[in-house]
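Undergrad: Below, each chain spelled out in residue letters.
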Amino acid sequence: MGKKIIIPGAFLLLLVGFGACEQDRLPIFGQRQVVAREVNGKQVNDTVYHTIAPFTFTDQDGKTITNETFKKKIYVADFFFTSCRTICPIMKTQMLRVYQDIQNDPEVLLLSHSIDPEYDTVQLLHDFAARLDVKSDKWHFVTGQPKEYVFDLAQKSYFATAMEDKAEPDGFIHSGAFLLIDRQGRIRGKYDGTKEDDVDRLMKDIKRLERE
Amino acid sequence: MIKVISFSGLCFVLLISLFNCSSNSGKPDTTSIKFTQYVVRGEELYQKHCSNCHQKNGSGLGLVYPPLNTSDYMNQNFEKVLCLMKYGLKEPITVNGKSFVQPMPGVVTLTDLEIAEIATYIYNSWDHNRGIVDVAEASRVIKACTSVNQ
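Which chain is which? The protein sequence lines are C and B, in order.
Residue numbers are given in the numbering used here: position 133 of the first sequence equals residue 133, and the series is strictly consecutive.
Residue numbers are given in the numbering used here: position 107 of the second sequence equals residue 319, and the series is strictly consecutive.
Hint data in this document are derived by calculation from the structure and do not stem from the laboratory.
Bear in mind that the values here come from a model prediction, so they are computed numbers and not experimental data.
Hints should not be assumed to be uniformly reliable.
[As the list claims (entries may be wrong)] The calculated lysine to aspartate or glutamate pairs, modelled on EDC-like cross-linking and capped at a C-alpha distance of 20 Å, are:
| id | chain 1 | residue 1 | chain 2 | residue 2 |
| --- | --- | --- | --- | --- |
| 1 | B | K260 | C | E168 |
| 2 | B | K268 | C | D200 |
| 3 | C | K166 | C | E148 |
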């Protein structure tokens, strides 16, 4: 039974230290905790960061996709649906730019979650990906029931909005964010997937993250 | 005296050539103020309703959203293109030899004038130079497709 102690002071010091000597490092998003534990009778402080919760989805090839798929990889995640005509087409245009930038880089993957799993079947996502002419082991388009499952993951793990809203033109409200996730499953950047210059920044940050 | 004659002769030639220019009915109207207004308004409307999918440069996206910049479909289906802006399109279409299946939602709130403006913009951008699609022409086409769609 480990004893968790949150030490705001240590947390602040850590942040200051980060700022001073690691200017080139990308920020780590979300709540963090400093957890004290005993190693050989000595007190050691560990910082526990927010990470993406365990998930299971099916991709456009019918393959099961979990956190293991992205183990020790950097990936970019977003939330969309194929019948969306508002921001998704712009997001896909921009994600295609990211794809073209990283397609030969074995360290980086892409993960697009459908938030309309009832309409976006595996077959439909397969066709969509094929029509974008992208490789499925590089860019996973995933779907999973029920839709609340993906909404919940979006909100709690990726800090991205995704929910049903019948008042919206296509029945959903969702953010156009691209999330940059590091090798430990931590969020290291949030970008507006509808803005070309913000996506330029994402492509630079992927390279920065690879150098860490 | 000779100078005066030759000057007026020159004027005459100039007038003839000017007249020739403006009466050349084979060339589309791309110089009038009306045309310019249609193109400017059409571009605004295009960026509001169309460019998310078809892109600002009309290139489309992969085999998901068809291109407009070079499009045999647009050239061969002028009436249908005007109708689908308003009423959408569900059936698959072939553009430049490639099949596109993504349904296109229509924008039923578009007025005949707005459709004329968008049509003028897309039919005079990129590879197209059809000339103005004025509101009377758009109304005639839209009226015909309404009866098909209802």
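Undergrad: Against each hint, give a clear statement of whether it holds in the structure.
TA: Okay, the hints, checked on the actual structure:
The straight-line distance between the Cα atoms of B/K260 and C/E168 is roughly 16 Å, inside the 20 Å bound, and the hint therefore holds. Straight-line distance between C-alpha atoms of B/K268 and C/D200 comes to about 18 Å, which keeps the hinted pair within the 20 Å bound. The hinted pair formed by C/K166 and C/E148 meets the criterion: a straight-line CA distance of about 15 Å does not exceed 20 Å.
The structure meets every hint from the earlier list without exception.
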